[in-house]
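Q: Knowing the structure of chain A, use the given hints to seat chains B and C on it.
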Amino acid sequence: MGILEVKGVNKRFGGLQALGNVNLSVKENTVHAIIGPNGAGKSTLLNVLVGKLIPDTGSVMFDGQSVLGRKPYQINQMGISRVFQTPEIFGDLTVFENVMIPCFAKRDGAFKLNAVGDMLGQKDLIEKAEQMLIDVNMIDKRNMHSASMSRGDKRRLEMAMCLVQEPKLLLLDEPTAGMARADTNNTIDLLKEIKAKRDITMAIIEHDMHVVFSLADRITVLALGTPLVEDAPENIKGNPKVREAYLGESA
Amino acid sequence: MDAIILQILNGLDKGSAYALIALGLTLIFGTLGVVNFAHGALFMIGSFCAVTLSKILNLSFETIDPTRTDFLGNPAKIKTPYIESWFGPETGAAIIDWAVPLSILFSIPIMISIGFIMERGLIKHFYKRPHADQILVTFGLAIVLQEVIKYFYGANPIPTPAPDAFRGSFDFGALLGIDPNVIIYPYWRLVYFAFSAVIIGGVFAFLQFTTFGMVVRAGMADRETVGLLGINIDKRFTIMFGLAAAVAGLAGVMYAPINSPNYHMGMDFLVLSFVVVVVGGMGSLPGAVLAGFMLGILESFSSMNEIKSLFPGIDQIIIYLVAIIILLTRPRGLMGRKGVMED
Amino acid sequence: MLGLTKKDATLLLVVAVLALCAPFILNPFPEGSAMAQFNAGYPDLMQRFVIFGIFAIGFNILFGLTGYLSFGHAAFLGVGSYSAVWMFKLLSMNVIPAIMLSVIVSGLFALLIGFVSLRRSGIYFSILTLAFAQMSFNLAYSVLTPITNGETGLQLTLQDPRVLGQSVSETGGIPVTSLFGIELRSTYQMDLGAWLFQFNVGYYLCAVMLLLAFYLAIRIFRSPFGMMLRAIKSNQHRVNYTGLNPRPYTLAAFVISGMYAGLAGGLMASMDPLAGAERMQWTASGEVVLMTILGGAGTLIGPVLGAGFIKYFENIFSKINDNVLHGWFSLLPDGLENLIVGVLHPFIGKGWHLTLGILFMLVVIFLPGGLVEGGQRIARLFRRGKADQTDTTTKPAE
Numbered sequence: 001m002g003i004l005e006v007k008g009v010n011k012r013f014g015g016l017q018a019l020g021n022v023n024l025s026v027k028e029n030t031v032h033a034i035i036g037p038n039g040a041g042k043s044t045l046l047n048v049l050v051g052k053l054i055p056d057t058g059s060v061m062f063d064g065q066s067v068l069g070r071k072p073y074q075i076n077q078m079g080i081s082r083v084f085q086t087p088e089i090f091g092d093l094t095v096f097e098n099v100m101i102p103c104f105a106k107r108d109g110a111f112k113l114n115a116v117g118d119m120l121g122q123k124d125l126i127e128k129a130e131q132m133l134i135d136v137n138m139i140d141k142r143n144m145h146s147a148s149m150s151r152g153d154k155r156r157l158e159m160a161m162c163l164v165q166e167p168k169l170l171l172l173d174e175p176t177a178g179m180a181r182a183d184t185n186n187t188i189d190l191l192k193e194i195k196a197k198r199d200i201t202m203a204i205i206e207h208d209m210h211v212v213f214s215l216a217d218r219i220t221v222l223a224l225g226t227p228l229v230e231d232a233p234e235n236i237k238g239n240p241k242v243r244e245a246y247l248g249e250s251a
Numbered sequence: 001m002d003a004i005i006l007q008i009l010n011g012l013d014k015g016s017a018y019a020l021i022a023l024g025l026t027l028i029f030g031t032l033g034v035v036n037f038a039h040g041a042l043f044m045i046g047s048f049c050a051v052t053l054s055k056i057l058n059l060s061f062e063t064i065d066p067t068r069t070d071f072l073g074n075p076a077k078i079k080t081p082y083i084e085s086w087f088g089p090e091t092g093a094a095i096i097d098w099a100v101p102l103s104i105l106f107s108i109p110i111m112i113s114i115g116f117i118m119e120r121g122l123i124k125h126f127y128k129r130p131h132a133d134q135i136l137v138t139f140g141l142a143i144v145l146q147e148v149i150k151y152f153y154g155a156n157p158i159p160t161p162a163p164d165a166f167r168g169s170f171d172f173g174a175l176l177g178i179d180p181n182v183i184i185y186p187y188w189r190l191v192y193f194a195f196s197a198v199i200i201g202g203v204f205a206f207l208q209f210t211t212f213g214m215v216v217r218a219g220m221a222d223r224e225t226v227g228l229l230g231i232n233i234d235k236r237f238t239i240m241f242g243l244a245a246a247v248a249g250l251a252g253v254m255y256a257p258i259n260s261p262n263y264h265m266g267m268d269f270l271v272l273s274f275v276v277v278v279v280g281g282m283g284s285l286p287g288a289v290l291a292g293f294m295l296g297i298l299e300s301f302s303s304m305n306e307i308k309s310l311f312p313g314i315d316q317i318i319i320y321l322v323a324i325i326i327l328l329t330r331p332r333g334l335m336g337r338k339g340v341m342e343d
Numbered sequence: 001m002l003g004l005t006k007k008d009a010t011l012l013l014v015v016a017v018l019a020l021c022a023p024f025i026l027n028p029f030p031e032g033s034a035m036a037q038f039n040a041g042y043p044d045l046m047q048r049f050v051i052f053g054i055f056a057i058g059f060n061i062l063f064g065l066t067g068y069l070s071f072g073h074a075a076f077l078g079v080g081s082y083s084a085v086w087m088f089k090l091l092s093m094n095v096i097p098a099i100m101l102s103v104i105v106s107g108l109f110a111l112l113i114g115f116v117s118l119r120r121s122g123i124y125f126s127i128l129t130l131a132f133a134q135m136s137f138n139l140a141y142s143v144l145t146p147i148t149n150g151e152t153g154l155q156l157t158l159q160d161p162r163v164l165g166q167s168v169s170e171t172g173g174i175p176v177t178s179l180f181g182i183e184l185r186s187t188y189q190m191d192l193g194a195w196l197f198q199f200n201v202g203y204y205l206c207a208v209m210l211l212l213a214f215y216l217a218i219r220i221f222r223s224p225f226g227m228m229l230r231a232i233k234s235n236q237h238r239v240n241y242t243g244l245n246p247r248p249y250t251l252a253a254f255v256i257s258g259m260y261a262g263l264a265g266g267l268m269a270s271m272d273p274l275a276g277a278e279r280m281q282w283t284a285s286g287e288v289v290l291m292t293i294l295g296g297a298g299t300l301i302g303p304v305l306g307a308g309f310i311k312y313f314e315n316i317f318s319k320i321n322d323n324v325l326h327g328w329f330s331l332l333p334d335g336l337e338n339l340i341v342g343v344l345h346p347f348i349g350k351g352w353h354l355t356l357g358i359l360f361m362l363v364v365i366f367l368p369g370g371l372v373e374g375g376q377r378i379a380r381l382f383r384r385g386k387a388d389q390t391d392t393t394t395k396p397a398e
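Chains A, B and C supply the protein sequences, listed in that same order.
The numbers in full-length UniProt numbering rise by one with no breaks, and the one at position 88 of the first sequence is 88.
The numbers in full-length UniProt numbering rise by one with no breaks, and the one at position 195 of the second sequence is 195.
The numbers in full-length UniProt numbering rise by one with no breaks, and the one at position 166 of the third sequence is 166.
None of these hints come from the bench; they were simulated from the model.
Where a beta carbon is used, it is the ideal one built from N, C-alpha and C, also for glycine.
Be aware that a few hints might be false.
[To be verified] Derived Cβ-Cβ restraints for the label pairs, each shown as a range:
id, chain 1, residue 1, chain 2, residue 2, range
1, C, L274, B, G154, 23 to 31 Å
2, C, L2, A, I139, 24 to 32 Å
3, C, T5, B, K128, 32 to 40 Å
Here chain A stands alone, though its shape is the one from the complex:
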């Protein structure tokens, strides 16, 4: 039984079958990659997982509870954090404040009116946020205006914001899309580092095979909205079905 169980999910957009009978099981403490050629339904699947889309049929269970019909913030409160293709951070806030916000969300829930409280009074949260910044090597940028940082640093900050919530599942949506090789390698290293330091389950939607094979314990190949195979990385490499699906694209 995995921490995330997707069973028989179908989603249609008009005449287009975006997802057809998707079954997926992500085991705890693994890195599970979901790959597939363009238009295979990766993004649709991700949007179903985070509550942005509601599937026509099927179920998505996370940690024994259904995520369907819940709002994105409720799903986050269940323990799923998400990293976006282009880093989504609070550009007007400092790096430190960026990390404090998820700390508050984790401790106080979706809403708590603390309008006259003092930030300095939040000692435990401040410590936690600073520790997180040390973990991702950003403590020297603590008081920087986050919008003015490089893209690589923004990515790092976004990861920190997700990790400080101690999520049970970290969803990564093409974390290296549009990156130069060097940045891609940095991101891989960062993810490996994170994985080494803590027990965490990750699901990565990815296009870049280099990233997938460097990180994944388990790979699901989607094609035309349906899972083709699910296997360990070494078995995926030689699989003729996968080659066929990718033929003309990266084979």
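A: For chains B and C alone, kept in the frame of chain A given last:
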């Protein structure tokens, strides 16, 4: 039955004005992505074009008529407009009488130039700024424009009559075979409705059937791609701004006989026109027109005594009420496109 | 001090000194001198500074922190005024219960309007608030006449019950507003040589309220709640995916700023016990937007500066007329004098709105951060001049 027809007719002229202003607002919003709070001021300036032309035509010189005396026994001074002395009394009087329709020709170049100046001089610099900034700067511009008009024309409404030929009323009742004198409707309002229908039709035809219009429509749908095709979309958008200003101006010119122009009429119409645009769906031209007429007619129905006795005060708030309901149930408005102004 | 950082405490202290010494500071010119027309230290104007300051501080909590641009905030001010006047009519002339009722009623009204309007964001939110405010305005003029007294406006009469007070004062007139027996209109005049300073009870009540309001605003800005609001302004998408529900946060900000507006409305009615619907008109809402932007949205002191600036110049500019101008330029040759007066004529007196509109456009175009940003730029110039090219920029370029 007759009451219903009468209310529909009553709603048409106001609806036409809403539709024309909202059409221009939507053109600007759809093409340039700018929320223009100064659009009502353009409508107001249009109205004052009519005032100005009729003032110009009435410029007179005084002559002394020795054959007549005024009540003090002095020789009477007679004012003769220059126009009458140039074209002869009859033609001259006719030209003065037709000042408002003539203002259409007079106002088009003025409005287009104002539009160009506004876009090149101010709005251009705000394409990349947040919507809040656009609202604020155009709001400031609207204040300036209205104060300038107030400075030159004073604060009081200036009656600007329609030509004599249109001063009467038309008896719809007789036409439809119902009692005469029940459904009577001023001719000028009919003219206004017909005029706005022509303008709206013209704008749509222009966008639909000319290459220029096609490019603009493509630009409204996807500005970046059109830019990538190597088409200079900015220049066309400037022209669209001029066109939108002209539409608002013409709406104002023809509205002058219905509502004596005053300096704050633009603001009064602006708020309602924004509501109209939002109800119609931000960025949708047919939506703007539909919502304009719909709200105009609804407003006139709600001022019927039967309805007012059921819901007191409904005539005061109906437009806002409809807008609130529409926005909450259909956030994109009646005919709005996906992804316009959504976060 | 008071749970504030040193910098914020200094700011509060500066505002406190300014507000409490305003009768001196705003009256720098001797009575009867040519410059006396620039004095602003009389009670009526000082009250307006402070009341609109409170209004703008409240508006800034919504707009400055969350970025939601409300175009209907004057409705709350109007509701506050009506509530206060009703309290004077029914209960007593003591302003404290009246102001309390104003704040509560405006808060409830804001809760209702905010709950509906905040379902949309961006321009849709602006239009929704505008629609609600115009609805309130139109209703106040028509159907709600029994409550609002329509076009005449709500006024006190000799027939009002005033159960805890008296319907008619000893002198047979309508009693005046008071603070536990101290009349708000009472003014102590101090003659100091050629100068005349006025200390008015009503003004000091407003000033104390301003200080409380300002202190609360600082606390809100620096609190976790304030940080959440800034996060919502910065990236609402991320807020959702961080497990936070933005709706109650924005609603709380909306209600708080509505209560500030109610406080301002209540104070306005306390200074002059009447309330009219024109206080709710959308141009009045535009005015508070203007004050906030002019001063600097999102900054603490900006709205207060903006309110003071606009109200001061409104007062001064409207008072200046051609004769005053001729007086100033009388030393110049006649032709030049007339030319200058002619050029300035449209901008003064009744033309004040024109000046305001131009000023407003200039600020939005060149100084989006308002007066506060302008001040910072000047300060930076000075510092650079002094330290001669020490690097003061803390934000590296991307």
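Q: Hints the structure violates: just list their numbers, smallest first.
A: none
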